[in-house]
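Enquirer: The primary structure of each chain is shown beneath.
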Amino acid sequence: MPETAPATAPLIHARGLRKCFGAFTAVDGVDFDVAPGEAFGFLGPNGAGKTSTMRMIGTVSPVTSGTLTVFGLDPARHGAKIRTRLGVVPQADTLDNELSVLENLLIYGRYFDLSWAESRRRAIELLEFVQLTDRANDKVEPLSGGMKRRLVIARSLINEPSLLLLDEPTTGLDPQARHLLWDRLYRLKQRGVTLCLTTHYMDEAEQLCDRLVVMDRAKIVAEGSPRQLIEKYVTKEVLELRFPRAEGEADDSAHLDGQLDGLAERIEQLPDRVLVYTADGEAAVATAFERGLRPASVLVRRSTLEDVFLRLTGRSLIE
Amino acid sequence: MTVIGLRIARPGAIASRRSLRVLEHDLLVFRRGWFSYLLSGLSQPFLYLVAMGIGLGLYVNRNGSLPGGVPYLDYIAPALLVTQAMMAGAFEAAWPIMGKITWDGTYEAALNTPLSACDLLLGDLMWIGFRATLLSVLFLLVIAVLGAAASPLVVLAVPVAVLTALAFAAPIMAFTATQSRDSGFNALFRFGITPLFLFSGTFFPIEKLPLFLQPLAWITPLYHGVAAARSLSLGQVEPVGLTVHISALAVVVVAGVAAGRITFRRRLVV
Chain A
1 MPETAPATAP LIHARGLRKC FGAFTAVDGV DFDVAPGEAF GFLGPNGAGK TSTMRMIGTV
61 SPVTSGTLTV FGLDPARHGA KIRTRLGVVP QADTLDNELS VLENLLIYGR YFDLSWAESR
121 RRAIELLEFV QLTDRANDKV EPLSGGMKRR LVIARSLINE PSLLLLDEPT TGLDPQARHL
181 LWDRLYRLKQ RGVTLCLTTH YMDEAEQLCD RLVVMDRAKI VAEGSPRQLI EKYVTKEVLE
241 LRFPRAEGEA DDSAHLDGQL DGLAERIEQL PDRVLVYTAD GEAAVATAFE RGLRPASVLV
301 RRSTLEDVFL RLTGRSLIE
Chain B
320 MTVIGLRIAR PGAIASRRSL RVLEHDLLVF RRGWFSYLLS GLSQPFLYLV AMGIGLGLYV
380 NRNGSLPGGV PYLDYIAPAL LVTQAMMAGA FEAAWPIMGK ITWDGTYEAA LNTPLSACDL
440 LLGDLMWIGF RATLLSVLFL LVIAVLGAAA SPLVVLAVPV AVLTALAFAA PIMAFTATQS
500 RDSGFNALFR FGITPLFLFS GTFFPIEKLP LFLQPLAWIT PLYHGVAAAR SLSLGQVEPV
560 GLTVHISALA VVVVAGVAAG RITFRRRLVV
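Heads up: the sequence lines are chains A and B, in that order.
The first sequence begins at 1 in our numbering and counts up one residue at a time.
The second sequence begins at 320 in our numbering and counts up one residue at a time.
Looking at chain A on its own, in the form it has when it is part of the complex (with noise of 0.2 Å):
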């Protein structure tokens, strides 16, 4: 069936994709595909490249060279072409603060060259779907950062997009607005809009994202999905250990030296605490404790993308 290769063909294509600001190298040679229908992840650390990664997608910001289509479109001829099907969540809110809730809809559909019966009668249904209609004649500016980022999905769901980019969607929001976000975006996922977006929080990779890459200084680090990249590069369970501060040394676990040697195939040792990489967390604290360690604090969980991006780079996606 030679026709199904259009169906399976990506939505987003990059090959050697870079980005530099004069001498800076923002995006540093990246190759991704993004298929149709997917939920696809840009994790990583502040100033890795992501939002720079995600603006050229938005055909937003000249691509310095490599490749890259959307759409199957080339972003510098076809940039009107390729935003017209395109739902684009910004970093910043970016909303009008002198127009009512529904007005920032309502002239965000006029912007797609909706009618304004048509731009009306998506933007009410928007608000429903984001549950804001009780606010829809509020200003913007007294609503809380959960409800303005609300607005923002439903103002970039105006010209119904095919794909959605989110620049993370959640950083600033506390857990029950974050919470709430993720089933609005589960929701849209669950009705076929490929959802690309950017995060440092690793679960909200882990919530979000069917497939992602690891992003770190410019370039891409790792790809698979949450599951493929934490049996990849990380063991199963992860032991975490706290010391009690010995005198006069710096990190908790400074005077630890050889003591935890063999105790598992890789170990982390933090400024708080120490990261025991173990298939059998509960059989690595029974060694730990016959050896004579005396921890302040065990804790047996399992690995994570934190974990991954740690492994892979050596720091902590939150610093």
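Just so you know, these hints were derived from the structure itself, not from any lab.
Even for Gly, the Cβ is constructed at its ideal location relative to N, Cα and C.
Treat the hints with care, as some may be off.
Taking beta-carbon pairs under 8 Å as the criterion, some of the chain B residues facing chain A (in silico) [said to hold, decoys possible]: (1) 340; (2) 342; (3) 347; (4) 348; (5) 423; (6) 424; (7) 429; (8) 431; (9) 507; (10) 511; (11) 588; (12) 589.
Have a look at the derived ranges for each label pair, beta carbon to beta carbon [to be verified]: (13) 456/B <-> 141/A: 26 to 36 Å; (14) 499/B <-> 133/A: 38 to 48 Å; (15) 509/B <-> 136/A: 41 to 51 Å; (16) 137/A <-> 585/B: 49 to 59 Å; (17) 297/A <-> 422/B: 39 to 49 Å; (18) 509/B <-> 137/A: 38 to 48 Å; (19) 269/A <-> 581/B: 46 to 56 Å.
Listed below are several chain A residues computed to face chain B (Cβ distance under 10 Å; list not exhaustive) [to be verified]: (20) 83; (21) 96; (22) 108; (23) 110; (24) 165.
Please build the complex by placing chain B on the supplied structure of chain A, with the hints as guidance.
Expert: Only chain B this time, still in chain A's reference frame:
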């Protein structure tokens, strides 16, 4: 940059449907504040014309110092009409545009839609033109009520004023897009706009200026706007002079838009 020149020459580029969407946005915002805007648009010209034209005019007229024995009120009314439009054009192109580029994120949001940087430039320029039109029509009403015009041609002073407003707005918008903070505007208004207001033939003929300053007045757009509006209002139109004045203003608008296309794209598409 012939390409840019050609694009501007094409009327379709100026009246782009997408830039009209930007104008719609501004009108939607304006819906909230229009009443107080109109009110101040009426009271300002009234106060100015009564204080300067009638009050100060008493003394000026007594000396008969204006050419042709023109009453001072009739002399400054068209000039103030144009000056007010210039002030509005200059102001609107500075802080509000800076806000849309930086603080408010208005342009960032719009650029995620099919709108381009050029649509934003032209749309907001049209908006400034709209505001200048409103203000000038209100000013005209006050002139009519005070009987401050000798000729019905004063009606045409409105488009002259709007053109003058655009002649300031377009280059200043281009300038605004090159600024990262608003501190440059203070210098622009203190050393640019305010001296123009005072020395472009608004309150006294530029022939009264020191000789070496007169050519300077010639190259400022405000001088041409004031001279054109005044000739219409006094019914003393010289076709050649009027054509020169209008052309000078049009050239500045076109040059400003051409510069703005470059600076807007440089600033917003990075």
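Enquirer: Close enough to count: is the Cβ of residue 511/B nearer than 8 Å to one in chain A?
Expert: At 28 Å from the nearest chain A Cβ, residue 511/B fails the 8 Å test, so the hint is violated.
Enquirer: Given a hinted range of 26 to 36 Å, is it respected by the beta-carbon distance of residue 456/B and residue 141/A?
Expert: holds, 33 Å
Enquirer: 49 to 59 Å was suggested as the range; check whether the CB atoms of residue 137/A and residue 585/B agree with it.
Expert: violated, 39 Å
Enquirer: So, residue 110/A near chain B? Judge it on the closest CB pair being under 10 Å.
Expert: holds, 5 Å
Enquirer: Tell me if residue 165/A is really an interface residue toward chain B, meaning its C-beta lies closer than 10 Å to one of theirs.
Expert: holds, 9 Å
Enquirer: Given the range 41 to 51 Å, decide if the beta-carbon distance of residue 509/B to residue 136/A lies inside it.
Expert: holds, 44 Å
Enquirer: Is the interface hint for residue 96/A satisfied, with its Cβ closer than 10 Å to some Cβ of chain B?
Expert: With Cβ-Cβ at 6 Å, under 10 Å, it holds.
Enquirer: With a cut-off of 8 Å on the beta carbons, see whether residue 424/B makes it to chain A.
Expert: holds, 3 Å
Enquirer: Is 38 to 48 Å a correct range for the gap between the Cβ atoms of residue 499/B and residue 133/A?
Expert: holds, 40 Å
Enquirer: With a cut-off of 8 Å, does the beta carbon of residue 507/B approach a beta carbon of chain A closely enough for the hint to hold?
Expert: violated, 25 Å
Enquirer: Closer than 10 Å between Cβ atoms is the bar; does residue 83/A clear it against chain B? Give me holds or violated.
Expert: holds, 5 Å
Enquirer: Going by Cβ atoms only, is residue 340/B closer than 8 Å to chain A?
Expert: Hint holds; residue 340/B Cβ to chain A Cβ min 5 Å, cut 8 Å.
In summary, the structure is inconsistent with hints 2, 9, 10 and 16 from the numbered list given earlier, while agreeing with the others.
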